[in-house]
Amino acid sequence: MNHQLFHIFRNTPVGRETLLQSIYFCNQVGIAPVIYIPKHAKFLMYFKNEVVQIDLDNSYLTAPDTAIQHASELLEQGGFKPRFYTPKHYTASTLPDINTEFDYMCCPRSISDATSKITLGNIGAKVRKIVKAAFFPVLLTSPVFKEWHSITVFFGGSANAVNALRLGLQISDISGMPLNILTRLEKKNTRRDYEKMVQDQNMEDRLNRHLNKWLFFDKGKFEENLYDVPHDSFVVLGAYGHGLIRNILFGSKMESIHSTIYNNLLIVGPNYVANRLSL
Amino acid sequence: MSIFKSWRNPFKWNFFRSDDRLLLILIAVIVGSCSGLAAVALNRSILILFDWLHPFRHYWWAFILPAIGAALSSIFLEKIVNEGAGHGVPEVVYSVSSYGGLLRFRSSFSRIISSCLTIGSGGSAGPEAPVVMSGAAIGANIASFFSLNDRQRIIIVGCGAAGAISSIFNAPISGLVFSIEVILGEWKASNIVPIAIASVAGTEISRFLQGNSIAFAHHNFDITFFDIGASFGLAIFTAVVTIFLTRSLKTVRGISEKIQIPLWVRAAAGGCAVGIIGMFLPVVLGEGYHFIGSMINENFTQGLLVVAIALFAKIFATSLTLGSGGSGGIFAPCLVIGSLAGLTYYRALAIIYPSLSWVNEGCYALLGMAGLISGMLQAPLTGIFLIVEITGGYNVILPLLIVSSVSTTLCHYIEPASFYLKALVAKGQLLRPGTDARVLSDLSVPELLERDCLTVNQNMRLGEFIHIIKKSRRNIFPVEDEKTGRFLGLIHLDSIRSYIFNSDMYNAVFLWQIMDTDVDKVYPDDDLSEILNIMDRKHLFSIPVVANNKFIGIISKATLLDQYRKELMVQTLD
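If you read the protein sequences in the order shown, they are chains A and B.
Letter by letter, the first sequence follows residues 48 to 326 of this note's numbering.
Letter by letter, the second sequence follows residues 3 to 576 of this note's numbering.
Incorrect hints may have been included.
Okay, the calculated bits of chain B under chain A, using three or more residues with CB under 8 Å as the criterion [as the list claims (entries may be wrong)]:
id : segment
1  : 91-98
2  : 102-113
The list that follows gives simulated cross-link-like pairs (lysine-lysine, DSS-like), each with its CA atoms no further than 25 Å apart [unchecked claim]:
id : chain 1 : residue 1 : chain 2 : residue 2
3  : A       : K86       : B       : K81
4  : A       : K235      : A       : K193
5  : B       : K568      : A       : K89
6  : B       : K473      : A       : K135
7  : A       : K193      : A       : K95
8  : B       : K552      : A       : K128
9  : B       : K568      : A       : K86
10 : A       : K135      : B       : K523
11 : B       : K260      : B       : K429
12 : B       : K260      : A       : K89
13 : A       : K86       : A       : K176
14 : B       : K552      : A       : K135
15 : A       : K193      : A       : K89
16 : B       : K485      : A       : K89
17 : B       : K485      : A       : K135
18 : B       : K429      : A       : K135
19 : A       : K176      : B       : K81
20 : B       : K252      : A       : K135
21 : B       : K429      : A       : K95
22 : A       : K95       : B       : K568
23 : B       : K260      : A       : K135
24 : B       : K473      : A       : K128
25 : B       : K81       : A       : K173
26 : B       : K473      : B       : K485
27 : B       : K260      : A       : K86
28 : A       : K95       : A       : K176
29 : A       : K260      : A       : K235
30 : A       : K266      : A       : K243
31 : B       : K485      : A       : K128
32 : B       : K424      : A       : K89
33 : B       : K424      : B       : K252
34 : A       : K235      : A       : K173
35 : A       : K86       : B       : K252
36 : A       : K89       : A       : K176
Since the hints were made in silico from the structure, they are not lab data.
All C-beta atoms, glycine included, are put in the ideal place defined by N, C-alpha and C.
Isolated chain A (complex conformation) (with noise of 0.2 Å):
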């Protein structure tokens, strides 16, 4: 259990469900949450080749004299030992720096938009951010805990779809849930093509042994594909396979994804980088 999840703590009931959600993925994939609680409603983190800066939301300064307690003993029950972080450097005195050196990072939704505490929303631009620049998988968590039973990921068939079935029949490999897979047909590809893409990337053995049942779709809206999507399922996909002005003309799987179904997503970005680390 050398890998890590950064976890940002929210001191209010919506944060707790966010954090049981990630000790329940903790516990399921063998990594050990990381907790940090905000002294300062923003902070910077420095990617290889972009800084982003995350503005969250005041109610992630909810009570601080309670946040360590609270999320303690979250983490005591879910048989962890808390381990908080705490910034070591800071760009301004208001503006902490957190190390990006995690193998995971669970995000809210949305951090900023306001809209996201009622629905689901739009992913924040800052949470698009964070997926596209990070080495590390984001986790978005539903919005009230649920425990999952198997593990589906989306396959397109982009390198980044590639990375997060890679993902995806790693998790199915440690928590022993079974991998389901979910393939919409597109660009005249049959399912033959997709079977290739996996084969043609040496994973053809391990989804053998981990492959519940794989699913193409080839009629219907993509949304209503979305409903066989069993509830209690574990969501990974990868994200910005494709360039920004398709995103902006036919939209984003991602989006689509994230806006219709309440699992929790895994979200793999385009600098993934599996085992990075390898603490």
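Once you've looked at the hints, dock chain B against the given chain A.
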């Protein structure tokens, strides 16, 4: 789409593949021009706002103008763009030191707007540092767009800063020298060439849009031997004023931060106080270049006492503006305070030694500016070249060299770090290229981790352990808990040598009896400088690394120093 993708990575172009310096020069032209434009935009907008508000300055309530400007500036920075106050130069240096020059896109415009509001409304601050921040951020984002690496991005950040300073002062050499002396801290040909090109681009943009005018044109000065001698005294005086200004800024900021009121109210209160001072002494308002001109041209007719009062009033007003949360830099106030200091010194000298023939008070105002800038920035070359370029003449070069170098030395003696770098030095965050701290900061524990240690458990007998020793090439063995895998301690071969050669002990001794549990250990996110300190202090050659209470490897001094050498070679490669 592939055309757009190749744009983002010009290193793939055949033209640049031969020599990446060509690409840096091309990007330097773009960055220098953009930062030059930003500087002109700020300069013009301050002038427009200042002129627009000028008719209102005759009313009794005019003192609230700087308050409104400071409050709006603070609200803009805190609530709209979510950035901290301050001029931003330390942020640029910090980014260059620690993060390969990465800067937020919003910084490329935020300080321009906020400092325009502060200075244009009458706040006592300068536009130079904000425009340096802006130029540097423009450079950083353009470098990121072109997917440049850290070393190249740092040079381009320097280009942005140089272009901005060159443009705002119409002084290309000052831009180049400032960027290398203050921002990068590294004089290397690979830095100088693109930064020089950016300085030229920034200056040309300024000349094209604003005309090729020298800020403080003057008559020739006839420097005498007495003036050379007196310049030593002026250097001491400007050093004292510099220290006073530094302390005053720190004190006002300290007091201001203790007052628990919203930042914009605090900024407004500071602006209000400046407005009140400005009603009696207009020299404290805004950037004050107009008054510098009149001092150099000997049109500042007030007597010694008024000049001395104006000197301290300007120091106080600058401290109030910047310390209370207004946005702006220290460059322009330093020039005004320096010229007032020079004037004060000259007039005192003229009273004490009326029979000697001194050059004139304009020359002393110039020298005072150089003394203040050099002392405050602890960057003597910047002070010298800036004064030479903005006054358009070399005939004061001898006393200029004396004042700049002596003032810098004295200030460095009393305040070891410059105004810009003080906070970074205090936090140990100033990591100049090629220094020990910088080399170590570019290495991390995971990079140096050695994982070939064989672990043992506490319930193993010595006899079994002997077999493990045979397989290992290490002389230390981490002991883990048999059930949980928790790191319990270490066994050093040296400390158990007496047991190893006694076969009677093989079945009688368990490892928990001979292991060392009082072991220094480090964590993956620890700084290597701290780890090296522990190893030096405790005379250790290796130290275990633990994550989540589990042993994950060791850091050895040999590997660390080996990597250190490689990193140093990379960093100092020209």
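Taking the hints in turn, this is what the structure says about them:
1. 91-98: holds (count 3)
2. 102-113: holds (count 4)
3. K86/A to K81/B: It holds: about 17 Å lies between the C-alpha atoms, which stays within 25 Å.
4. K235/A to K193/A: With Cα atoms ~37 Å apart, K235/A and K193/A exceed 25 Å; violated.
5. K568/B to K89/A: 36 Å, violated
6. K473/B to K135/A: 40 Å, violated
7. K193/A to K95/A: Violated: K193/A and K95/A sit about 34 Å apart, past 25 Å.
8. K552/B to K128/A: 13 Å, holds
9. K568/B to K86/A: 38 Å, violated
10. K135/A to K523/B: 19 Å, holds
11. K260/B to K429/B: 20 Å, holds
12. K260/B to K89/A: Cα-Cα ~21 Å, so holds.
13. K86/A to K176/A: 22 Å, holds
14. K552/B to K135/A: 23 Å, holds
15. K193/A to K89/A: 29 Å, violated
16. K485/B to K89/A: 42 Å, violated
17. K485/B to K135/A: 34 Å, violated
18. K429/B to K135/A: With a Cα-Cα distance of about 10 Å, the restraint between K429/B and K135/A holds, given a limit of 25 Å.
19. K176/A to K81/B: Answer holds: K176/A to K81/B is near 21 Å, not above 25 Å.
20. K252/B to K135/A: At roughly 23 Å apart (the allowed maximum being 25 Å), K135/A and K252/B satisfy the hint.
21. K429/B to K95/A: 23 Å, holds
22. K95/A to K568/B: Between K95/A and K568/B the Cα gap is close to 21 Å, so the pair holds against 25 Å.
23. K260/B to K135/A: The given pair, whose Cα atoms are some 23 Å apart, holds under the 25 Å limit.
24. K473/B to K128/A: The given pair, whose Cα atoms are some 35 Å apart, is violated under the 25 Å limit.
25. K81/B to K173/A: 17 Å, holds
26. K473/B to K485/B: 23 Å, holds
27. K260/B to K86/A: 17 Å, holds
28. K95/A to K176/A: At roughly 13 Å apart (the allowed maximum being 25 Å), K176/A and K95/A satisfy the hint.
29. K260/A to K235/A: 22 Å, holds
30. K266/A to K243/A: At roughly 22 Å apart (the allowed maximum being 25 Å), K243/A and K266/A satisfy the hint.
31. K485/B to K128/A: Holds, at about 17 Å.
32. K424/B to K89/A: 24 Å, holds
33. K424/B to K252/B: Satisfied, since the Cα-Cα distance of roughly 11 Å is no more than 25 Å.
34. K235/A to K173/A: 35 Å, violated
35. K86/A to K252/B: 24 Å, holds
36. K89/A to K176/A: Cα-Cα ~15 Å, so holds.
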